[in-house]
Amino acid sequence: MVKCSFCERSAVYLSRASNIAYCKKHFLRYFDRKVRKVIRKYGMFRGKEHIIVAVSGGKDSLSLLHYLSRLSEKVSTWKISALLINEGISGYREVTIKDFLKVVNKLGVDYSIASFKEEFGATLDDMVKIGNERGLPYLPCSYCGVFRRYLLNKVAREMGGTVLATAHNLDDMIQTFMMNLLRNNWERIARLGPVSGVIRHPKFVRRVKPFYKIREKETTLYAILNNLYPSFVECPYAQLNVRWIIRRQLNQLEEKNPGIKYSMLNALLTILPLLREKYAEEEFLTCQICGEPSTHTICRACLFRKELGLL
Amino acid sequence: MAIKVKLPNGDLKIIDDVNEMKVGELLEKLGLLREEYIVTKDGYVITDEDVVVNGDEVVLYAVVSGG
Chain G
1 MVKCSFCERS AVYLSRASNI AYCKKHFLRY FDRKVRKVIR KYGMFRGKEH
51 IIVAVSGGKD SLSLLHYLSR LSEKVSTWKI SALLINEGIS GYREVTIKDF
101 LKVVNKLGVD YSIASFKEEF GATLDDMVKI GNERGLPYLP CSYCGVFRRY
151 LLNKVAREMG GTVLATAHNL DDMIQTFMMN LLRNNWERIA RLGPVSGVIR
201 HPKFVRRVKP FYKIREKETT LYAILNNLYP SFVECPYAQL NVRWIIRRQL
251 NQLEEKNPGI KYSMLNALLT ILPLLREKYA EEEFLTCQIC GEPSTHTICR
301 ACLFRKELGL L
Chain H
1 MAIKVKLPNG DLKIIDDVNE MKVGELLEKL GLLREEYIVT KDGYVITDED
51 VVVNGDEVVL YAVVSGG
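As given, the protein sequences belong to chains G and H, one line each in that order.
Just so you know, we're using my numbering here: the first sequence kicks off at 1 and counts up by one.
Just so you know, we're using my numbering here: the second sequence kicks off at 1 and counts up by one.
Don't read these hints as lab results, they were simulated from the structure.
It cannot be assumed that every hint is accurate.
Below, in silico cross-link-like pairs of lysine-lysine (DSSO-like), each with a Cα-Cα straight-line distance of 27 Å or less [to be verified]:
#1 H:Lys6 to H:Lys41
#2 G:Lys25 to G:Lys129
#3 G:Lys102 to H:Lys6
#4 H:Lys13 to G:Lys203
#5 H:Lys6 to G:Lys256
#6 G:Lys98 to H:Lys6
#7 G:Lys102 to G:Lys154
#8 G:Lys37 to G:Lys79
#9 G:Lys3 to H:Lys41
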């Protein structure tokens with residue numbers, strides 16, 4: 001039995017990067033301190049906030065909702081609400097919605113569910129089918145990412161949210177960093193900070209990532225220790241995304257070189273100020289069709305809708 | 001006697017050619033990465049360095065989300 005480095009209890013987590021073992025109590029304390037430090041360092045929340053937590057029903061977002069809900073009990077001027085986007089992925093999303101409802105009801109958190117079908121007139125499954133029939137060159141994750149981000153911002157604003165918290169963790173960040181590095185897309189990398197960086201628009205809800213420095217293994221353990229771990233279900237489209245391959249390779253690297261993920265995140269944090277300087281002047285435009293924030297005169301969501309015949 | 005391993009998708013793997021091994025070695029034997037799983041025994045989370053023996057039943061939780 002491996003013992004905790006701080007007490008006599010059995011360890012539940014062994015950080016191979018720092019060679020420290022944690023029992024349940026000390027792991028939760030370590031986790032809490034690490035998240036609080038990120039929140040404080042990057043000024044994620046102000047005195048009065050309506051925090052909208054983007055929740056998919058997966059372990060990371062359920063953990064974030066649980067964590068912020070607990071934290072908000074100590075701050076009477078914070079209100080927490082949850083927002084789930086139902087893309088319409090058959091055999092997948094209906095399962096995670098059940099897990100989502102179980103947790104929001106248990107925590108007593110207000111919530112809203114917005115769907116692709118209601119907002120855009122088609123589910124993601126429909127979009128993929130139409131895209132294939134029309135010979136469009138996009139992967140399912142391309143539609144999903146664009147429409148999901150669009151709805152998160154729009155509905156969070158409609159809910160009266162002052163800040164949108166997403167459960168992106170360290171692993172997500174370095175995977176996205178690597179994906180954009182491979183595509184030589186530095187403008188996208190400039191947006192990978194713990195708080196939304198270069199985007200300025202009156203309709204844009206500020207975004208924060210409190211789990212920015214938390215490893216996916218740690219958010220998973222937090223979920224298990226707090227009885228939040230949801231049903232095991234995989235998105236049928238996930239393996240089509242290059243992220244799937246990069247994630248596996250980064251995990252293999254970490255296995256052989258403990259600590260390499262932290263180094264990658266630090267590399268990202270080192271380059272971010274330089275990139276922000278380069279892209280600082282960028283003002284977001286307003287989409288001429290839907291009136292939402294956009295980097296171009298017509299936003300990506302409206303372009304997709306046009307191509308799919310949904311506009 | 002054997003070590004029974006319940007995978008996240010519900011499948012069961014049986015390891016019957018060793019008496020005891022570390023959790024990390026068990027995952028390696030199954031071709032899995034330590035980075036991608038959390039292991040429990042009798043409902044309690046155990047670490048990669050803990051030892052499991054013949055007769056134990058462990059449950060694997062996926063760290064990598066499928067979404």
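These are the hints, each one checked on the structure:
1. Under the criterion of a C-alpha separation no larger than 27 Å, the hint pairing H:Lys6 with H:Lys41 is consistent with the structure, at around 10 Å.
2. Annotation: proposed proximity of G:Lys25 to G:Lys129 is violated, straight-line Cα distance about 48 Å (limit 27 Å).
3. Using a Cα cut-off of 27 Å, the hinted pair G:Lys102 and H:Lys6 holds, with the two alpha carbons roughly 25 Å apart.
4. A hinted pair counts as satisfied when its Cα atoms are at most 27 Å apart, and H:Lys13 with G:Lys203 does not qualify at roughly 52 Å.
5. Straight-line distance between C-alpha atoms of H:Lys6 and G:Lys256 comes to about 25 Å, which keeps the hinted pair within the 27 Å bound.
6. A distance of roughly 23 Å separates the Cα atoms of G:Lys98 and H:Lys6; the hinted pair therefore holds under the 27 Å criterion.
7. For a cut-off of 27 Å, the pair hint linking G:Lys102 to G:Lys154 stands: about 25 Å separates their Cα positions.
8. With a C-alpha separation of about 20 Å, the suggested pair G:Lys37 and G:Lys79 falls inside the 27 Å cut-off, and the hint holds.
9. A C-alpha spacing of about 16 Å is found between G:Lys3 and H:Lys41, which places the hinted pair at or below 27 Å, so the restraint holds.
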